[in-house]
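Asks: Sequence:
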Amino acid sequence: MIWQKGIVVFVGIVLFSLFHYSPVQAADFLKYFTFSEANVLKIWKEKLYKGKVDYKIIKGPGQDFIQATAKNAASGIYYEFPDKEFYNPTSKPFISWKWKVNRFPKKEDEKVEDFAARIYVIFPAKVFIFSKCIEYVWDDKLAQGTRTKSSLSSRIQIFVLQNGKKEGWIQEERNVVEDYKQAFGEDEVDDKIGAIAFMSDSDDSETEGQSLFDEIKIGYSHSILKK
Numbered sequence: 001m002i003w004q005k006g007i008v009v010f011v012g013i014v015l016f017s018l019f020h021y022s023p024v025q026a027a028d029f030l031k032y033f034t035f036s037e038a039n040v041l042k043i044w045k046e047k048l049y050k051g052k053v054d055y056k057i058i059k060g061p062g063q064d065f066i067q068a069t070a071k072n073a074a075s076g077i078y079y080e081f082p083d084k085e086f087y088n089p090t091s092k093p094f095i096s097w098k099w100k101v102n103r104f105p106k107k108e109d110e111k112v113e114d115f116a117a118r119i120y121v122i123f124p125a126k127v128f129i130f131s132k133c134i135e136y137v138w139d140d141k142l143a144q145g146t147r148t149k150s151s152l153s154s155r156i157q158i159f160v161l162q163n164g165k166k167e168g169w170i171q172e173e174r175n176v177v178e179d180y181k182q183a184f185g186e187d188e189v190d191d192k193i194g195a196i197a198f199m200s201d202s203d204d205s206e207t208e209g210q211s212l213f214d215e216i217k218i219g220y221s222h223s224i225l226k227k
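Residue numbers for the sequence shown follow this note's numbering, so the first one is 1 and each next one is one higher.
Check the hints yourself; a few may be wrong.
Listed next, the in silico SDA-like pairs over lysine to any residue satisfying Cα-Cα at most 20 Å (straight line) [what the hints assert, rightly or not]:
#1 LYS31 x ASP83
#2 LYS181 x PRO93
#3 LYS92 x GLU215
#4 LYS226 x GLN171
#5 LYS31 x SER223
#6 LYS92 x VAL177
#7 LYS166 x SER223
#8 LYS132 x ILE57
#9 LYS71 x TYR55
#10 LYS45 x ILE57
#11 LYS107 x THR207
#12 LYS31 x PRO93
#13 LYS192 x VAL177
#14 LYS166 x THR69
#15 LYS92 x ASP28
#16 LYS56 x ASN39
#17 LYS47 x GLU178
If you anchor each label on the Cβ, the simulated ranges turn out as follows [to be verified]:
#18 ASP187 x LYS106: 36 to 46 Å
#19 LYS165 x LYS111: 19 to 29 Å
#20 PRO61 x SER154: 36 to 46 Å
These aren't lab readings, by the way, just hints derived from the structure by calculation. These numbers come from a predicted model, not from an experiment. Note that CB positions come from ideal geometry on N, CA and C, so glycine has one too.
Please work from the sequences and hints to get the whole structure.
Replies: Structure (structure tokens):
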């Protein structure tokens with residue numbers, strides 16, 4: 001399996017600040033990743049493109065999380081579902097996570113493919129070129145609410161969820177089935193998600209970015225967030 005930088009990053013690999021939770025047990029999620037244990041990253045894999053982003057667990061008061069620091073580097077962390085437990089989103093379409101950006105890569109143009117924070121949902125295909133990817137990003141150039149295709153492939157679709165510096169953590173929740181239909185203009189949704197990934201990178205701008213990630217919840221049937 002291969003890696004490509006930019007929007008396409010993980011497609012080849014697989015062939016509480018604004019909201020509060022309603023009560024949901026961890027058993028209701030297909031996967032629920034917190035980063036309170038030192039060995040939790042052992043079940044995640046890292047793929048390098050250029051240099052190595054520093055991913056490490058930070059022990060904070062009341063919260064442990066992943067800190068990603070990219071210094072002129074691009075590498076990502078991904079969880080690949082085993083074949084026997086692949087994620088079918090049609091019955092459990094929701095995913096959620098918490099993130100925060102401390103520093104944005106200093107890029108002069110929105111076309112520069114450096115993003116402080118990215119989350120990927122990857123739909124593998126038997127033939128690589130037919131694989132698809134939804135990418136959720138936090139940027140300081142592209143406007144919040146923007147949806148656009150990758151410059152590399154129309155099969156990689158980008159949703160800009162946040163723009164610019166914000167105080168505190170931001171909780172996100174997405175219905176990947178609805179996003180898939182919107183992104184690819186299809187009524188039928190691929191019934192297999194092969195991997196979930198996150199990344200920070202800054203190699204195109206040759207600068208530095210830093211973001212934080214926590215509480216990645218994958219595969220549940222109804223919204224758990226209340227505005």
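Asks: If a hint holds in the structure, say so; if it does not, say that too.
Replies: Each hint tested on the structure:
About 15 Å separates the Cα atoms of LYS31 and ASP83, which keeps this hinted pair within 20 Å; it holds. This hinted pair checks out: LYS181 and PRO93 have alpha carbons roughly 12 Å apart, not beyond 20 Å. At most 20 Å may separate the alpha-carbon atoms for a hinted pair to count; LYS92 and GLU215 meet this at roughly 17 Å. Note on LYS226 and GLN171: the hinted pairing holds, with a Cα-Cα distance of about 11 Å set against a maximum of 20 Å.
The suggested pairing of LYS31 with SER223 holds, with an alpha-carbon distance near 15 Å, which does not exceed 20 Å. For the given pair, LYS92 sits about 9 Å from VAL177 by alpha-carbon distance, which is consistent with the 20 Å threshold. A hinted pair counts as satisfied when its Cα atoms are at most 20 Å apart, and LYS166 with SER223 does not qualify at roughly 24 Å. Only pairs whose Cα atoms come within 20 Å are accepted, and LYS132 paired with ILE57 is rejected, the gap being roughly 30 Å.
For the hint linking LYS71 to TYR55, the alpha-carbon distance of about 12 Å falls within 20 Å, and the restraint holds. Our distance criterion of 20 Å between C-alpha atoms is met by LYS45 and ILE57, whose separation comes to about 15 Å. Between LYS107 and THR207 the alpha-carbon distance is near 8 Å, which keeps this suggested pair within the 20 Å criterion. For a cut-off of 20 Å, the pair hint linking LYS31 to PRO93 stands: about 13 Å separates their Cα positions.
Annotation: proposed proximity of LYS192 to VAL177 holds, straight-line Cα distance about 11 Å (limit 20 Å). Restraint check: the Cα-Cα separation between LYS166 and THR69 comes to about 18 Å, which is no more than 20 Å; the hinted pair holds. The hinted pair formed by LYS92 and ASP28 meets the criterion: a straight-line CA distance of about 10 Å does not exceed 20 Å. Restraint check for LYS56 and ASN39: the C-alpha separation of about 11 Å stays at or below 20 Å, so the hint holds.
Note on LYS47 and GLU178: the hinted pairing is violated, with a Cα-Cα distance of about 29 Å set against a maximum of 20 Å. At about 42 Å, the CB distance of ASP187 to LYS106 agrees with the hint of 36 to 46 Å. Separated by about 21 Å at the C-beta atoms, LYS165 and LYS111 satisfy the suggested range of 19 to 29 Å. At roughly 45 Å, the beta-carbon separation of PRO61 and SER154 lies within the given 36 to 46 Å, and the hint holds.
Of the numbered hints stated above, those contradicted by the structure are hints 7, 8, 17, listed in ascending order.
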